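> One letter stands for each residue in the lines below.
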Amino acid sequence: MLQSIDVGVRTGSVTGVLGPSGCGKTTLMRAIVGVQIIKSGSVLVLGAPAGDPSLRRRVGYVTQAPSVYGDLTVHENLRYFGRIVGAPGDRIEETLHQVGLEDFAGRIVDGLSSGQRARVSLATAMLGEPEVLVLDEPTVGLDPVLRRDLWRTFHALSERGTTLLISSHVMDEAEACDELILMRDGSILTTGTPEQLRLRTNTQSLGQAFLRLIEEQDAPA
Amino acid sequence: MSPRIAAATALRVVWQIRRDPRTILLLVVVPCVLLTLLKYVLTGQEASFQHIAVPMLGLFPLISMFLVTSITMLRERSSGTLERLMTLPLSKLDILVGYALAFGIVSTFQALAISGVGLWLLDVDVTHPVWIVISLAIINALLGMALGLFLSALARTEFQAVQFMPAFIFPQLLLCGLLVARDQMATVLEVVSNALPMTYAYDALERVASPGELGPEVGRDVVVTAGYTLVALGLGALTLRRRTE
Numbered sequence: 105m106l107q108s109i110d111v112g113v114r115t116g117s118v119t120g121v122l123g124p125s126g127c128g129k130t131t132l133m134r135a136i137v138g139v140q141i142i143k144s145g146s147v148l149v150l151g152a153p154a155g156d157p158s159l160r161r162r163v164g165y166v167t168q169a170p171s172v173y174g175d176l177t178v179h180e181n182l183r184y185f186g187r188i189v190g191a192p193g194d195r196i197e198e199t200l201h202q203v204g205l206e207d208f209a210g211r212i213v214d215g216l217s218s219g220q221r222a223r224v225s226l227a228t229a230m231l232g233e234p235e236v237l238v239l240d241e242p243t244v245g246l247d248p249v250l251r252r253d254l255w256r257t258f259h260a261l262s263e264r265g266t267t268l269l270i271s272s273h274v275m276d277e278a279e280a281c282d283e284l285i286l287m288r289d290g291s292i293l294t295t296g297t298p299e300q301l302r303l304r305t306n307t308q309s310l311g312q313a314f315l316r317l318i319e320e321q322d323a324p325a
Numbered sequence: 004m005s006p007r008i009a010a011a012t013a014l015r016v017v018w019q020i021r022r023d024p025r026t027i028l029l030l031v032v033v034p035c036v037l038l039t040l041l042k043y044v045l046t047g048q049e050a051s052f053q054h055i056a057v058p059m060l061g062l063f064p065l066i067s068m069f070l071v072t073s074i075t076m077l078r079e080r081s082s083g084t085l086e087r088l089m090t091l092p093l094s095k096l097d098i099l100v101g102y103a104l105a106f107g108i109v110s111t112f113q114a115l116a117i118s119g120v121g122l123w124l125l126d127v128d129v130t131h132p133v134w135i136v137i138s139l140a141i142i143n144a145l146l147g148m149a150l151g152l153f154l155s156a157l158a159r160t161e162f163q164a165v166q167f168m169p170a171f172i173f174p175q176l177l178l179c180g181l182l183v184a185r186d187q188m189a190t191v192l193e194v195v196s197n198a199l200p201m202t203y204a205y206d207a208l209e210r211v212a213s214p215g216e217l218g219p220e221v222g223r224d225v226v227v228t229a230g231y232t233l234v235a236l237g238l239g240a241l242t243l244r245r246r247t248e
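Here the protein sequences line up with chains P and D, keeping their order. 105 is the number of the first residue of the first sequence in our numbering; add one for each residue after it. 4 is the number of the first residue of the second sequence in our numbering; add one for each residue after it.
Hints are computed from structural coordinates only; laboratory data are not their basis. What you are looking at is a predicted structure, and each value in this text was computed from that prediction instead of being measured. For each residue, glycine too, the CB sits at the ideal point set by N, CA and C. It is possible that some hints are incorrect.
Claimed, not checked - Here are the computed lysine to aspartate or glutamate pairs in the EDC-like style, where the Cα-Cα straight-line distance is at most 20 Å:
#1 P:Lys-143 with P:Asp-156
#2 P:Lys-143 with D:Glu-248
#3 D:Lys-42 with D:Asp-128
#4 D:Lys-42 with D:Asp-126
#5 D:Lys-42 with D:Glu-248
#6 D:Lys-95 with P:Asp-156
What the hints assert, rightly or not - Okay, the calculated beta carbon distance ranges per label pair:
#7 P:Val-147 with D:Gly-237: 26 to 32 Å
#8 D:Val-33 with P:Thr-115: 42 to 48 Å
#9 P:Gly-151 with D:Trp-134: 54 to 60 Å
Using the sequences plus the hints, can you model the full thing?
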């Protein structure tokens with residue numbers, strides 16, 4: 105249940121949605137992708153209402169739990185999703201490289217580690233080179249090196265003009281975002297660049313900044 | 004709808020089934036074994052065996068496709084892949100037609116195996132061309148598939164989906180005329196049986212099992228069965244939702 109959400113995301117930016125689990129990050133992202141039934145309000149993506157058929161080619165969504173076929177190989181999954189979005193065949197190799205799975209193309213997805221499965225799921229969303237990528241906790245369970253590599257990929261995509269909306273509950277990932285949306289209890293605590301948030305709260309790290317904002321919110325007026 | 008995406012979906016489903024050789028074996032071997040068992044249970048009652056065997060050639064594919072499809076679709080829902088597909092540029096019809104093609108292919112193999120065993124090894128006697136029997140088996144399988152697709156939406160777990168077989172298929176087996184001719188049932192039951200899809204699927208099989216000219220009734224049965232299949236697919240499409248809570 106989200107309330108009084110009013111927020112915009114700049115085209116071509118990496119925007120982080122940060123907050124504890126259960127704060128509404130997933131619901132917000134589902135609303136943006138257009139799979140969430142919303143009671144009131146409107147969500148506009150690339151000028152069209154969220155979930156509009158014209159957006160299905162332009163918006164990529166990766167759910168928190170990997171949503172790929174566990175009984176197929178990595179390559180078979182990519183081939184199927186690639187056919188749906190009409191991606192050319194050589195995109196599969198390219199995407200596998202981007203997520204660091206080029207050596208696992210022939211492996212059955214169920215036999216992979218959870219981090220690898222998450223990357224297969226990410227790769228399927230990247231195949232069609234959507235203009236907007238909505239990623240729900242894409243780096244959960246990944247080792248630090250892979251996390252760094254994926255964030256490099258995200259920034260490379262954003263330099264090419266892709267808009268990325270990435271949720272996370274890890275504060276050090278917030279530093280890597282251009283813009284942040286901090287959420288708590290189904291509403292937005294604040295938004296801004298990491299620099300702005302630190303300055304506004306007079307703190308050194310974003311973790312501290314988040315705590316400071318919560319304390320301010322909870323303080324009796 | 005896009006034939007390219009429907010074909011890709013069919014291929015994907017066939018590939019998934021191919022990854023599970025034990026299921027393929029069960030789908031093909033179990034009906035053949037059951038038919039053989041029936042033959043020996045009815046030793047000395049050749050007429051009864053002949054009467055039941057041909058309908059069985061169609062009812063086995065119906066039941067197994069019902070089960071396999073409802074579980075496959077349930078998995079598609081619970082794994083989140085259905086939700087992902089719903090965010091992609093494909094139509095609901097692409098998914099349904101893809102499934103229909105895939106299970107059509109699988110059920111063709113099943114129908115060929117069971118008809119082969121029945122007609123050539125167990126001496127099931129059909130006076131009509133073999134292709135009619137095999138076509139009816141495939142039509143039955145497609146009805147089972149469509150019912151499975153639709154009903155899978157009502158199941159939240161695989162346990163529930165499996166229970167749908169006794170809940171939805173068994174009553175139809177009891178009423179379709181296999182055990183007791185429908186005109187000998189209580190009027191209420193006969194009226195109910197008139198509304199059930201398997202009644203027509205069975206009726207066509209029974210007519211083909213009987214010697215003598217095939218009347219236009221078989222054609223009517225096939226049309227009604229196909230109609231129910233399309234209605235179930237349409238209802239199945241309604242259960243594929245782009246937006247959820």
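> Can you confirm whether the C-alpha distance between Lys-143 of chain P and Asp-156 of chain P stays at or below 20 Å?
The given pair, whose Cα atoms are some 17 Å apart, holds under the 20 Å limit.
> Lying within 26 to 32 Å: is that true of the beta-carbon distance Val-147 of chain P to Gly-237 of chain D?
At 30 Å between Cβs, range holds.
> Is 42 to 48 Å a correct range for the gap between the Cβ atoms of Val-33 of chain D and Thr-115 of chain P?
violated, 57 Å
> Okay, Gly-151 of chain P versus Trp-134 of chain D on CB: inside 54 to 60 Å?
The hinted range 54 to 60 Å holds for Gly-151 of chain P and Trp-134 of chain D, with Cβ atoms some 56 Å apart.
> Next pair to validate is Lys-42 of chain D with Asp-126 of chain D; report whether the Cα-Cα distance is within 20 Å.
Measuring from Cα to Cα gives roughly 9 Å; hence the hint holds.
> Given the hinted pair Lys-42 of chain D and Glu-248 of chain D, is their Cα-Cα distance within 20 Å?
Given pair Lys-42 of chain D, Glu-248 of chain D is violated - Cα atoms ~52 Å apart, limit 20 Å.
> Lys-95 of chain D and Asp-156 of chain P: Cα distance at most 20 Å?
The given pair, whose Cα atoms are some 15 Å apart, holds under the 20 Å limit.
> Within 20 Å, alpha carbon to alpha carbon, are Lys-143 of chain P and Glu-248 of chain D?
Distance of about 10 Å is within 20 Å: holds.
> Between Lys-42 of chain D and Asp-128 of chain D, does the CA-CA distance stay at or below 20 Å?
holds, 13 Å
Checked against the numbered hints listed earlier, the structure breaks hints 5 and 8; every other hint is satisfied.
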